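> Each chain is listed here by its residues.
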Amino acid sequence: MIAYYFQRLIEIFPFFLKGLWMTAIISCLGLIFGTILGFIMGVLRSQEVRLFNWPIGIFVSVIRGTPFVVQIFIVFFIFPEWGIQLNAISAAVLALTILGTAFICEIVAGGIKAVPKGQWEASASSGLSIVKQLRLVIIPQALRTILPPLVGQYVLLIKDSSVVSVIGVVELTRVGWLTVVRIPEGLMVFSLVGILYFVISYPLIRLSNGLEKKLSVGQISL
Amino acid sequence: MIKFKDVNKWFGSLHVLQTINMHVKPGEVVVICGPSGSGKSTLIRCINRLEKFQNGELYVDGMPLHNYSINLTKLRAEIGFVFQQFHLYPHMTALENVTLAPIHVRKIKKKEAKEIGMEKLVRVGLGDKASSYPDQLSGGQQQRVAIARGLAMSPKILLFDEPTSALDPEMIGEVLDVMIKLVDEGMTMCVVTHEMGFARQVAHRVIFMDEGQIIETEKPDQFFDNPQTERAALFISKILTH
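Heads up: the protein sequence lines correspond to chains A and B, in order. Residue numbering for the first sequence follows this note's numbering, starting at -4 and increasing by one per position. Residue numbering for the second sequence follows this note's numbering, starting at 24 and increasing by one per position.
Don't take each hint at face value.
Mimicking BS3-like on lysine-lysine, the simulated pairs with C-alpha atoms at most 30 Å apart in a straight line are [stated by the list, open to error]:
#	chain 1	residue 1	chain 2	residue 2
1	A	Lys127	B	Lys261
2	B	Lys242	A	Lys127
3	A	Lys13	B	Lys179
4	A	Lys127	B	Lys134
5	B	Lys75	A	Lys108
DEER-style ranges, computed between Cβ atoms [what the hints assert, rightly or not]:
#	chain 1	residue 1	chain 2	residue 2	range
6	B	Asp29	A	Leu202	41 to 47 Å
7	A	Phe72	B	Gln159	56 to 62 Å
8	B	Gln245	A	Ser124	21 to 27 Å
9	A	Val126	B	Gly35	27 to 33 Å
10	A	Phe72	B	Leu37	39 to 45 Å
Only part of the chain B face toward chain A is listed, based on derived beta-carbon distances under 10 Å [as the list claims (entries may be wrong)]:
#	residue
11	Leu98
12	Val128
13	Ile131
14	Gly220
These are calculated hints, taken from the structure and not from any lab test. Quick caveat: nothing in here was measured; it's all calculated off a predicted structure. Every residue gets a Cβ at the ideal spot worked out from N, C-alpha and C, and that includes glycine.
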């Protein structure tokens, strides 16, 4: 029987690859948008300007303090009530973007704050504008602190993307649920799902570990 | 060149600069000394607006710093600042440290900026270290790169905030030699330092501060040989016996 199920699983493997592709697409879009917005918010948060600080602080706390599944339900089911109609894939990307933004904002703000005050003073004394100070002096140094946890956050985002299956996006986890109805061998099906997640997460885990080692030792030119 | 008129500054309830009146003429070298916490670093940090002050007037190169709407980029481009802890950019080579501001503030072409940068590094005796990163340089070399960085903008004023205090004794000389060379070239300089030999040798005036006030302003010989106040005399005796 197991051999039969295994045979069936191999037959529908392309379906899993499609799910994996969807997972990769929504995760990738979520982390690209999340990184852009997270960097912008992180930079603003690090400046401790009251005007930005408290709304960003509330946003970050709310997103970090509520389950992702609740956030997805709000984006998919409540946003339409406010006139924002989204299909399941767009809702998934938006929810992942919001989640990514909140976490990446904190990582970026922390990295910028870790740059010694003297670097700000030296670059300001040279006459650089604040944007140039950030771009040329502060952020290149902050990246040493930011990059390892940022890549780690990407891994978490990819894994969190499994939650979007609840709104019907046919990504990897959803493919698992659909398959297990036809092949009632849960361990086999979800082991395959797990392996496929691992295949895209593992290189990032290695990258994160590698960056941590490389950036913590010696002088490298970023 | 620099004119303080009744400048006051508070950190919370602490009155760190108390009715400061002083002026520095073009080409003049002024050494500011005094015990820790006397306000001397705060004073020179006001000159390029690293610190704001609450009242009084301060003119630097004709620009009114008490007017908060002044163009800070323009002001700071004319003032070089050398810090106690060097604050070189660790992700850039010595040459990149020196050329950053000329390229991005003065908008000088990269090739030309490199030539200027090399000339400044040669001037501080570090032409062979252009491609070294700060962590590959000794403290004295780092401070000399920091001076070259300050010079690269061809500033009208150079400010030094205890430039030798973080250095091992054997490296102090090399930094002071570069500073003496700058004095000989006619650079306007304000130097916060405890290097009394330097003060006596090259300063045009010595300003002694204590508890946020300027206690004495004298020519070096007069200040060291015949201080007018007890506080200054005590300070000199303490510093010279160390």
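> For each hint, tell me whether it holds in the structure or not.
Each hint tested on the structure:
{"no.": "1", "hint": "A:Lys127 - B:Lys261", "verdict": "violated, 44 Å"}
{"no.": "2", "hint": "B:Lys242 - A:Lys127", "verdict": "violated, 42 Å"}
{"no.": "3", "hint": "A:Lys13 - B:Lys179", "verdict": "violated, 66 Å"}
{"no.": "4", "hint": "A:Lys127 - B:Lys134", "verdict": "holds, 20 Å"}
{"no.": "5", "hint": "B:Lys75 - A:Lys108", "verdict": "holds, 22 Å"}
{"no.": "6", "hint": "B:Asp29 - A:Leu202: 41 to 47 Å", "verdict": "violated, 59 Å"}
{"no.": "7", "hint": "A:Phe72 - B:Gln159: 56 to 62 Å", "verdict": "holds, 59 Å"}
{"no.": "8", "hint": "B:Gln245 - A:Ser124: 21 to 27 Å", "verdict": "violated, 44 Å"}
{"no.": "9", "hint": "A:Val126 - B:Gly35: 27 to 33 Å", "verdict": "holds, 31 Å"}
{"no.": "10", "hint": "A:Phe72 - B:Leu37: 39 to 45 Å", "verdict": "violated, 57 Å"}
{"no.": "11", "hint": "Leu98", "verdict": "holds, 8 Å"}
{"no.": "12", "hint": "Val128", "verdict": "holds, 4 Å"}
{"no.": "13", "hint": "Ile131", "verdict": "violated, 13 Å"}
{"no.": "14", "hint": "Gly220", "verdict": "violated, 27 Å"}
The earlier numbered hints that this structure contradicts are 1, 2, 3, 6, 8, 10, 13, 14.
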